[in-house]
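Residue numbers (the working numbering), protein chains in the order written: chain U, 1 to 213; chain D, 1 to 218.
If you're looking for bench data, these hints aren't it; they were derived computationally from the structure.
The structure presented is a predicted model; accordingly, all values stated were derived computationally and were not measured.
Every residue, glycine too, gets a C-beta built ideally from N, C-alpha and C.
Incorrect hints may appear among the rest.
[Said to hold, decoys possible] Anything over 12 Å on all C-beta distances counts as not near chain U; from chain D, calculated: (1) Gln108; (2) Thr141; (3) Gly150; (4) His182; (5) Glu188.
[Said to hold, decoys possible] Pairwise CB distance ranges (calculated): (6) D/Pro114 - U/Leu188: 46 to 56 Å; (7) D/Pro138 - U/Ser184: 17 to 27 Å; (8) U/Arg105 - D/Lys111: 29 to 39 Å; (9) U/Gln154 - D/Asp14: 38 to 48 Å; (10) D/Gln108 - U/Glu134: 19 to 29 Å; (11) D/Pro138 - U/Glu150: 41 to 51 Å; (12) D/Glu164 - U/Glu150: 40 to 50 Å; (13) D/Ala44 - U/Lys179: 40 to 50 Å; (14) D/Arg43 - U/Ala123: 17 to 27 Å.
If you want the building blocks of each chain, they are given just below.
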Amino acid sequence: MLRLFDDIENPYSPSANSNGTLAGQVVSMGPRILEENNSQNWEQLLVLVSETNDRIAFRHLFNHFAPRIKSFLMKAGADQTMAEECSQEAMATVWNKAKLFDPNRASASTWIFTIARNKRIDAIRKVRRPEPDELTWPDEIEPAQEEALELKQQSEILADAIKNLPEKQRQLVEKAFFKELSHSEIALETGLPLGTIKSRIRLALERLRHAMG
Amino acid sequence: MKNDKKIEHHLSEDLLMRYSNGTLCEAFSLAVATHISMCDDCRAALESYEAVGGALLDTTDPEEMGDESFESVMALIESQPAQTEQVAKIVATDVPSALSDYIGGSLQDVKWRPIGLGVKQSLLKTSGNSTARLLYIPAGTAVPHHSHNGNELTLVLKGAFEDEVARFGPGDVEMADEDLDHQPIAVEGEDCICLAVTDAPLKFQTFIHKLVQPFLKI
Numbered sequence: 001m002l003r004l005f006d007d008i009e010n011p012y013s014p015s016a017n018s019n020g021t022l023a024g025q026v027v028s029m030g031p032r033i034l035e036e037n038n039s040q041n042w043e044q045l046l047v048l049v050s051e052t053n054d055r056i057a058f059r060h061l062f063n064h065f066a067p068r069i070k071s072f073l074m075k076a077g078a079d080q081t082m083a084e085e086c087s088q089e090a091m092a093t094v095w096n097k098a099k100l101f102d103p104n105r106a107s108a109s110t111w112i113f114t115i116a117r118n119k120r121i122d123a124i125r126k127v128r129r130p131e132p133d134e135l136t137w138p139d140e141i142e143p144a145q146e147e148a149l150e151l152k153q154q155s156e157i158l159a160d161a162i163k164n165l166p167e168k169q170r171q172l173v174e175k176a177f178f179k180e181l182s183h184s185e186i187a188l189e190t191g192l193p194l195g196t197i198k199s200r201i202r203l204a205l206e207r208l209r210h211a212m213g
Numbered sequence: 001m002k003n004d005k006k007i008e009h010h011l012s013e014d015l016l017m018r019y020s021n022g023t024l025c026e027a028f029s030l031a032v033a034t035h036i037s038m039c040d041d042c043r044a045a046l047e048s049y050e051a052v053g054g055a056l057l058d059t060t061d062p063e064e065m066g067d068e069s070f071e072s073v074m075a076l077i078e079s080q081p082a083q084t085e086q087v088a089k090i091v092a093t094d095v096p097s098a099l100s101d102y103i104g105g106s107l108q109d110v111k112w113r114p115i116g117l118g119v120k121q122s123l124l125k126t127s128g129n130s131t132a133r134l135l136y137i138p139a140g141t142a143v144p145h146h147s148h149n150g151n152e153l154t155l156v157l158k159g160a161f162e163d164e165v166a167r168f169g170p171g172d173v174e175m176a177d178e179d180l181d182h183q184p185i186a187v188e189g190e191d192c193i194c195l196a197v198t199d200a201p202l203k204f205q206t207f208i209h210k211l212v213q214p215f216l217k218i
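Can you make the complete structure from the sequences, with help from the hints?
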C-alpha cells in the first residue's frame, strides 16, 4: 500500500489548511495515518473533495477504495474488465456526489460502499433499485459535531470488530455478504460441513454484536 | 411518509441484508424501500447492514487497478457535464415516492381490475421473476384462502387486515412462505390497500380459483 503514495511528495494541498479545525486535524494526523494505512481520515478527505475539489485528497481516496471496490465487484461476480470499468465509474461518482456526503450520517467507507453497491445493481444486474424517501431534517438543526464523532467511533468499532474476526470467520461473513450465496452454497464452495458454516457465521455475528454492544 | 401508529411487523433480517448488498430483486426491493420510508426501526437496521458492507469493503483484499486507472477516472470526471443541484420533485401523494413512481401518482390514480368478491388488484411493472401488485380489499371482505409456492410479502398501505397469524395495520409487513395457509380478512371500518410481492404464483385452494388463476396473473 505504501508504494501507492510514493508519487505524492506532499499529500496535503494548501487548501487543507484553510479549512478550520477539521482540516487542521487532517494535517496533524494525516501522514501517520496514511503510513499505517488506517481508515481514520477518509471522511475529512471526502469533505476536502466536496469543498475544494481537492485532487490530492481524491487520489488518496482512490488509492484506498478503487482496488477494494474492484475486489467487491469481482466477488459479486463481475469479470476483471467489467470490475475495473465499474470501479472507475464508481470513483467518478464519489467525486461527483461528494457534496451529498454527510459525515453525520455515515462513515466514508459505508457511503462509498453504497455507491459500489448501486453500481453493482445498475451495471452488473441491470435492474432498477427503488430507494426509500430521504429523511428530511428541520433546517434549524445544525449537524452536531458530537453526533459525527459518535458515529465515527461506532463505525471504527465495527470495522475493528470485522478486522479482528479470525480470518476464516471474516471470509465467511464477507462471502455471505458480498456474494449472493446461501449457507449451503458456501458449504459447497469451501468444502466445510453446513453445520460448521452456520455456527461460524453465527459466532462471527455474535462477536460483532458483542463488540458493538 | 410517516406513520402515527407503531409498526409492529417488520422486514426480515434476510430482506434487509439483501437490499443492503444489492442482491434483492426489483419487486421485493420496492416493498423494502416502501416499508423503510414508513419505518425508522428498519431504516436504522438497514444503515447498520450498510455499515457492515462499508467495514467489509474497507478490510477486503484489494485487487490491483489497471495502469492509468486514476487518469481515466479524472478524464471521465472532466468529460461529464458539471453536476447541477438536483431538486427533489415534490408530488402530492399518499404513498412513499418509491411506490408512487410505479403507480404514477397516488392511490387515487391506480387502475384497478376486479378479481372477484369485491377484491381488486393492479399489477406493477418490475423486472425479474417476482411479481408486485397492489391489492384492494373492501372492509370486512376476505381474500380467498391460499397457500404459497414461494414467498409472499404483504405490506399494508391503508386500512388493516387480520389472518390466522395477527392483525396488520399501515406499515406492517407479513411474510408468508410455503408453510403458511392463510385467509386475510380486511377489518371492518376501512377498505384495505396492500402492496403484495410474490416470488411464485399463489396456490388457491378451491378448484374454481385454480381454474381462473392463470388469467388473473395473481
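Hints and how they fare:
With a closest Cβ-Cβ approach of about 19 Å to chain U, D/Gln108 is found to remain outside the 12 Å limit, as its non-interface label requires. No Cβ of chain U approaches the Cβ of D/Thr141 within 12 Å, the least distance being about 29 Å, so the stated non-interface status holds. Its beta-carbon lying about 15 Å from the closest one in chain U, D/Gly150 satisfies the requirement of being farther than 12 Å from that chain. Residue-level check passed: D/His182 sits 26 Å from the nearest beta carbon of chain U, beyond 12 Å.
Look at D/Glu188: its CB is around 31 Å from the nearest CB on chain U, clear of 12 Å, so calling it non-interface holds up. The supplied range of 46 to 56 Å is met by D/Pro114 and U/Leu188, whose beta-carbon atoms lie about 47 Å from each other. A C-beta distance of roughly 43 Å is found between D/Pro138 and U/Ser184, which places it outside the suggested range of 17 to 27 Å. A beta carbon spacing of about 38 Å between U/Arg105 and D/Lys111 agrees with the range 29 to 39 Å that was offered as a hint.
Our hint of 38 to 48 Å for U/Gln154 and D/Asp14 is violated, since their Cβ atoms are close to 23 Å apart. The hint said 19 to 29 Å for the Cβ distance between D/Gln108 and U/Glu134, and at roughly 24 Å that hint holds. Between D/Pro138 and U/Glu150 the beta carbons are some 49 Å apart, a value that agrees with the proposed interval 41 to 51 Å. Here the CB-CB span from D/Glu164 to U/Glu150 is close to 44 Å, well matched to the stated 40 to 50 Å.
Judged by the Cβ atoms, the range 40 to 50 Å given for D/Ala44 and U/Lys179 is violated: they are separated by roughly 25 Å. A beta carbon spacing of about 26 Å between D/Arg43 and U/Ala123 agrees with the range 17 to 27 Å that was offered as a hint.
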